[in-house]
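Chains as they are written, first to last, in this note's numbering: chain S, 8 to 267; chain L, 129 to 363.
Among these hints, one or two may not hold up.
Unchecked claim - Heads up, simulated EDC-like pairs for lysine to aspartate or glutamate below, C-alpha to C-alpha not over 20 Å straight-line:
#1 S:Lys48 with L:Asp306
#2 S:Lys136 with S:Asp77
#3 S:Lys181 with L:Asp136
#4 S:Lys136 with L:Glu206
#5 S:Lys172 with L:Glu206
#6 S:Lys48 with L:Asp299
#7 S:Lys48 with L:Asp166
#8 S:Lys136 with S:Glu99
#9 S:Lys181 with S:Asp45
#10 L:Lys217 with S:Glu99
#11 L:Lys147 with S:Glu213
#12 S:Lys33 with S:Asp253
#13 S:Lys181 with L:Glu206
#14 L:Lys329 with L:Asp306
#15 S:Lys57 with S:Glu213
#16 L:Lys295 with S:Asp179
#17 S:Lys48 with L:Glu297
#18 S:Lys48 with L:Glu206
#19 S:Lys177 with L:Asp166
#20 L:Lys340 with L:Asp299
Derived by calculation from the structure, the hints in this document are not laboratory data.
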Amino acid sequence: MNGSNGSQKDEIIKFLDRGMRFDGRKADEFRPIEIEYDISKNAEGSARVKVGSTEILAGVKMEVMAPYPDQPNQGTMMVGAELLPFSNPEFEAGPPSIQAIELARVVDRGIRESKAIDMAGLCIAEGEKCWVVVLDIMTINDEGNLIDASGIGAYAALTRTVFPKYEDGKIDYKAKTGKRLELSRVPVPVTVIKIGRHLIIDPTTEEEKAMDSRLTVTTDEKGIIVALQKGGDQPLSQEEILTMVDLATAKAKEIRKLFA
Amino acid sequence: MAYEQRFDGRGMTELRPFKAKAGIVRRADGSAMFQIGDTVAYAAVYGPRDLFPRFLQDPSRGILRCHYNMMPFSGSGERIRPGQNRRAKEISMVTEKALLPVLDLSEYPNAVVDVFIELPQTDAGSRCAGICAASIALADAGLSMKDMVSAIAIGRIEDKIVVDVNKKEEDYEGGMADIPIAMLPRTGELTLLQMDGELSKKDLARAIEAAKGAVKEIKEVQRQALKDKYEGDRK
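Chain L extracted, bound-state conformation (with noise of 0.2 Å):
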């Protein structure tokens, strides 16, 4: 079988309509929404800030740690339970390793940095939205950082490649492979990777091709999320 047109009718290359902005929560240190689709992430960012219990610190470094969470409302199917599932504690785990790299945190010892993601909707994407919003908010925290962290989630769909799964998609019962990335966009390293489905060694090179593009993409979005508060700030 063949997968020729896209059950939304987008190009096999084609983001759905994405959008940011910087600075959604007035008592985080920084903060940010990307929504993609209809999948809604918001993330905000607390620190670097004293961490306790005094045993989880670093003399060295500060710390990175990341909390991703569905709102019990935001999925298609039933109400999701509130507090931390397997699945949501591997996303965070994730997110925070998908995030660490672009960090320096050497000038904070002892102190941990939150990063607290809640999606309101989800439509397939979530983690990747998650990372895309912490980005922004990281930078709108006042954090140094290497590069902007992108991410965005590829599939294989019988023999295409396609940029930004929806819940449609990923859902599809033959041949099915979801793919998300992170990546920082000047280098083209991932951050981020990982696969459910069957996934041949050309297909995975086809994958990691297709999100170059979609993260360039995104982290222009992003970088605009970002002007856009500090130029709103300054009038």
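So here's chain S without its partners, still in its complex pose (with noise of 0.2 Å):
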């Protein structure tokens, strides 16, 4: 991540030092978020996010299978994601790069973590059958920042989420039940990354590029961290991370707000 992009990296720094980003951004301010809901119609649930320019859809189809054998009375979530080489010319087809992964796993941990899904309330028959919520990121335009905007899509998507007809041991996908997934907890996380001596928020793809290291910061409404990740080459100290968590709270407050 250092040198290679040695001089773009000292022209956002001279930004940073003046307090502007090329965007004509502060340092804390997001980028416009917009959420769009039911974006797929044979989904459980789904949503687009754009962050800017940068958009993922999420979606969420429910399954049934047998509980694992430690939690037999629990159902399960899985979270895969993908970085389409659709949506940046870097990417590339095949299996899921460690980039792709990461981003599922800080959006499971986030989501997981918090306890927003009763795991229980899955249970359809206590050792024997359960639901599993399985959602899936896909990046449709990457201008940075892409774990943030999964994030919000995947709880989006989650929110909106109507169980199928199980019936015989069968799930029956045309007939929806007018039964939701019920969402006790909102986690939504926020990535703050250090460019130098600086800490900005909702980074752009050349910012990516320069950062130094890398925060993701997952809080829940009551402001409690339910996962974290850092990220990038560069160590932090411990007054830089308590102040990323700072940024991520507050900006986690904002945006909790824009869910309908």
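If you follow the hints, you should be able to join the two separate chains into one complex; please do so.
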């Protein structure tokens, strides 16, 4: 991440020294966020999220499986993410890259650890059958900050998720019940990156390329941290981390207001 | 048994409502959306760009690569596992063949033009919708093309030829043939032809005739999408 993009990085830092970013935003300013619900009729829940011109789709399919033997009365959740070569000339076709796996896992942890989904409520027959919430994130246009866009999209899609009919051991996907997936918490990830001595949120692609380090902080509506992920090649001090948590918590509070 | 009335009440040669938009992915060199009924296809074009690994390069001309992908939540049944299954690979290949005849890639030796087709929602006819979107996206990328490529799924249901088969018709359990066709609207030549089911030679001719009418309508919407984008850009 360092060196290869030296001159661009110097330029970004020069701007930040004067309190500016290339696109005119302040360091702690998000691009406009748009959430569109129910973008795919065959999904049990879905949403499109745009953060500036970054765009992702999130969709939920419900499946029925045998519960894990160590949690016989609980359902489960799976999160997948694909960094589609459709969305960025640098993404390659093929099995998920480590970046895609990290993205999916960070989103997964925020939802799982906040206990937003009542896993016991997904149990159909103890030890035999349970619902599995399968959430997939697909990138449409990557102009930076896919993690936050994906986390927002994941939550938005889950809020719209309706159970299909389940009868005689079979799912009838065409028959939707009126039953919604209940969510008790609102986890929102906000990623803060460090460039030089500056901390900024909602990075663009060029800012991501120039970053020294990154911290994704997922908080719930009470301000409790439910997931953390440090990225980037450089270390972060305790002081920096705590400042980043403050920034992320404050932004997450604003973002939470956007959910319909 | 006769099929007198289509399940959704359409006329036998009537398409579902369809629309197109050019320029939906900013990072791509060209892109488009094509929606017909509840089937939505996005296409993004990257290139011509350098092709690696090098042994894939053709020094005489650029190559075209298509990737067709149904999103995991896009189908009417179970979740579709990510990664190209055999069906997706075959559709990618026939999509390539459907688009290649209108392109002149001789100016781009050793290069590749990548076409990525993504389907967020499907209700039959997805390969045809993908081809329609891809054709707009290739033009949006500024590649020189002899003609648009327009595509439509024709069906034979009992003794009727129907235009733009939806999922319910595709799943019809009586006498049914599903015939996706891609065509160069100007010449009426076919660049994609597949068929599942049973079909007489006479009905094949009827199906091709029906496709000719449909692609003329589709081509106009594809052209308009491009015009709208470029007129919008100038404003």
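Could you tell me which of the hints above the structure violates, numbers in ascending order? Hints 1, 8, 11, 19, 20 contradicted; others consistent.
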